[in-house]
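Asker: Chains as they are written, first to last, in the working numbering: chain S, 400 to 990; chain D, 327 to 587; chain R, 2 to 151; chain C, 2 to 120; chain U, 13 to 99.
It should be emphasised that the hints constitute simulated quantities derived from the structure, not laboratory data. This one's a predicted model, so the numbers in the text were calculated from it and none came from an experiment. Using N, Cα and C, we set each Cβ at its ideal position, and we do this for glycine too. Take the hints with a grain of salt, since some may be wrong.
[Claimed, not checked] Just some of the chain S residues that point at chain C, by a computed CB distance under 7 Å:
no.: 1; residue: Gly553
no.: 2; residue: Ala559
no.: 3; residue: Ser573
no.: 4; residue: Arg958
no.: 5; residue: Gly963
no.: 6; residue: His964
no.: 7; residue: Val969
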Amino acid sequence: MRHLLPLLVAVPLLGAALLACVGRVVPRAFAEAVGCAVSAGTAALAVVLLLDASPPLVEWAGGWEPVAGHSVGIVLVGDGPGLGMAALVSLLTPAALAYSWRSFDAPPRGNAGSFPALVLLFQAGMCGFAIAGDLFNAFVWFELMSVVAYALTGHRVEEARAVQGALTFAVVNSLGAYALLMGIALLYARTGELAMAEIGRELDAYGPPDALVLAGFVLVLTGLLVKAAAVPFHFWLPDAHAVAPTPVCMLLSGVMVELGVFGVWRVLGTVFSGPGGLPAADVERALMVLGALTAAIGALMCWYQRHIKRLLAYSTIAHTGLFLLGIGTLTLEGDDGVALYVVGHAGVKAALFACTGILLDRFGSVDEHVLHGRARPLRGVAVLFTAGALGLAGLPPFGTALGKSVTEEAVGGPLTVVYVLASAVTAGAVLRVAARVFLGLGPRPQEAAGDEGAYETTGSGEEPETRQPLSRVPDTMTAVPAVLLAGALAAGAVPGFADAVARAMSEATTAGLVQTSVHWTPVGVALGLVSTLLAVGLAAVAVVRPKLLAPPARALPLRRLQSGHVGDYVAWLLVGTTVLGVLALPAVLTG
Amino acid sequence: MNPRTRLWLVATGGAGLAALLVAACLRLPRFGGDRHPYGDRAVHASLERHTANTVASVNFDQRAFDTLGEMTILFAAVLGCVVLLRQTRDEHRAHPEPADVARPVRRYALLVLPVALLTGLYVVAHGQLSPGGGFQGGVVAATALHVLYLGADYRALERVRPVGAYEVGDALATSAYLVTGVAGLIGGTAFLANTLLPYGTFNTLSSGGTVPLLNAAVGMEVACAVVVLLAGFLDQAVEIVDEGEDDDRAGDGHHHEERGK
Amino acid sequence: MNGWILAATAVLGAGVGATVWGVATGPLRRRVVAQNLSTALACPALLLLAQGYDRPAYVDLALVLALLGPVGTLVFARLLAGELAGDPPRARALTRSAAGLGAGVVLALCVAVGPSRALLKLLVVGVLLVGGNLLASRALSGGMAGARRG
Amino acid sequence: MTAVPHVLPYLVAVWVFLAGAYGLATSRNLIHAVGCLSVCQAATYVLLLAVGYRDGATAPVFSDVEPGTRPVVDPVVQALALTDVVVGATVTALLLALVVQVAKRHGTVDPDELTELRG
Amino acid sequence: MGEAVIVVALLLVAVSATAAVAVRDPVRQSLVLAVLGVVLAVLFTVLQAPDVALSQLAVGSALTPLLLLLTVRKVKRRGRRRRENEP
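The following block holds chain S by itself, in its conformation from the complex (with noise of 0.2 Å):
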């Protein structure tokens, strides 16, 4: 079974070749639907791998079996964790997939292949990286679904936002992939090793770290959590997703940066976490400290957008910060919590990005304020957002419920308080667009004067993606959400699901010695309910007060860091390592 699991690459990757081959002379419907059903084989191929996952797969790629404990080739590790990665990368592709059938028409002329088949390049991207045991060949895999994803956002051509968003995008991160690649240099030169196992085997025979550790573990940070969106490396994010066709949207911010965070996961549990990496204290701090600050960062931005695609980014960043608090726990509660966190997530922010396409290619905006009341026939689509909604808020019986619940637990203390209000203020934008566009309750917000020049992108003015605005909403687009949404519900409601998770998370970390369960306890729910009430409230005051809500004169500055200038992302980018540098730094000293 093991010698399988490179195939979660090369199926794709041969489905990519062969669209890209006959994607000229063929049409549309039959290149989607050779998408589809590669996309959807993967996903098949890695849910039956990931059942067979305990105890975990490792293969040599090539064959090369280790001699005497060392081998010369490279390691594909398919534990719980990068199985599961894998195979909700692969369920969401056919996902999105299905959902461009008809709302997605900008096929380069005359080579219907194209698109389709660089969604499945991204797959088999993001499924090597999921499950790369190897340092460089992750950074091979990360390469790839960077390139794919530029390509991707930048893909309406027309349209001057997405080609800005997409360039900025590439500079940043491929800035910090180079970031990166110097981190596993400086790794390799101490350890002489690439596979992540072997080098944090290596460091801990080295010594207590040093100043080389520290390098290699800022850069390669850096590296994921720019991927990551973290704070003060996110500012590409907003950009990217409020340009990016619909269906790449839901790749985006439902996996690809989750992979970020998984990769940060990956790389403390076996590069760094033993005597020789870094102590457990720094890691936690420099963790918790970002993941704070995305978090309350992500939060307040979402609640001050408009453009809708825009806001769900800022929510995709605040969640992001929930994610590295729980990871910067550092224990397999935490881990548990993520883990389900994501699964939830992926499918509540994908079907809340579906619905909010629909608005695009209906109306030819996403701008909260110009489509006040303009969808309330779509009835459909309003449950489906306001599902969503609720489901972000972390509304039990939802996976993102459970997972919010658990890693509340495990992060205990005052830091609760920030997953509460994180996700209730993100959620409570989210219901807040719903009440304005689906309801059109309130009053019609007024441009103040003077609100030609504000510091803001509005959404109005987007082009609708398909060539003429939607007269009717097509099957295939509502049906994707709510399948997403049924999902999202099921990772929390199915029983055995989460004891599932926390095994598969034990035996990747602990080799199953250390046993979790989870489950959704009293105090739990209770926060959950505690989190939708709010986000309710607030939505609610927001609609009908609008100005006691409002982004006061102070939240400017904060907006202003928003520039859309890749200078100043680059200059944010470079300040991060520093401050990650600072935040690990004692480690050093005292060791």
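Following the hints, position chains D, R, C and U against chain S.
Answerer: Same frame as chain S, but now just chains D, R, C and U:
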């Protein structure tokens, strides 16, 4: 953010990163040190499989899975460029006029073209023996074709460069690499396992098992990919014109326009 | 360290170093000439290194550089023809001395390796190097004046 | 040799990386920024190959050298750097394609003048 | 003494990389980048990495400059028109 603030940020962040990296450099093993455990194992494994160029052995045998990713990145970038540089609805094509190139340049181009193509092939074919390989040779061969653009003109280049065919070639070469990998899985022991073919005699063209095959696949992929990539850029720079563009026909040498394809 | 490597170090330090300075400063016409000279000088340096390290296989590097270096310069000559037309670069003496150096190095190496297949390769490299660079230099100084966009 | 050349290659890599990042942050032209990014990447090649170097060794290519007669440098970092070169070239191409489109749609390649996405 | 050539190559790389950043005009920068490519190839040769040097030569000497200059040309053609339209 104004440039001044940005400069301060860059200075702060850069100084911190610089301090960190310099401190790390001082802790790195001495430049030229003797400890390379993985490298030594790789040399050993390469010689065991009769591959004279150890780097080729690492690329196409021991870490062939990395190279799969690498060639896929190229494949994806080319596909991405084709998508990004497509002719949009508000653009049209203008055919460039033939350029008149000084005779010595033309002669030189005609001389270099076959030599460079041959060199490219030579570099690919000897990939598992001497320095070089699919990537290097592929780029040389693809660049060779574009000597036609320099030595003659764009139309001459277009005649030897049906972009569609090169796109198909690109995809086929990628598939060939993947199929070889899957064959290793079915007929051998693992994905991309180099156990199907005999390893041959050390330091000959057919040595190394599947290394020459994968090498050739990469060579073809790279050559096709670079051609398609440059085609996209040349198209934009030479042929595609949009409304906002400077179209001083006389200086440009454009004639005979046609609206979109 | 042997004499070959010492010679290569000298060519790199003095010759290529000067071209780096030349390409980084001054008017455009000076920069294109410096770019052309950088390949014209790096190629003999690579040949000297191959000999110094006793690695005939490294000659492939010089071969590829001798082929593609002038092609790169032709790219600049072609696409910067407009900018260079008004102020064409003139560097006959420099180009000739670089070509002379290249030829001298190739000859010295030919003597060192003696008659063999390697000699043939060296001669090919030498012809491509000297011919290519002289031609590229000529193209820069207006040999492609007839070339227009296309 | 003295200690300085023993860290010099690493310091050069660090310098090149930081210089590229500085250029990227302060660039006034997106094409120039892409060039700076490729400078950053050059730093990774230098670092990788410097890490793999071994005093007095030669390339691990045995077409013209008898195996075992001379020490060889680390082939693994060379393979990594090779992959890296390919990645660098393709990323440059993709970025330039995006710059072309930015120039078309915004009429400028000065990042200071791109004011669409903010807030 | 055997390291002198390495030191020279390293310094050349450092100087030309700095120049590539400091030269702000993309046309001139592409010339510097072409030289940087050649200098990097020399460095890789003296670091005994001919495979990498070869790919750096293949990419850096003609391909990257061509891509950069084609982009500059496309962008400039637009820029000229735009300036003419502005008062």
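Asker: Against the structure shown, which of the earlier numbered hints fail to hold, in ascending order?
Answerer: none
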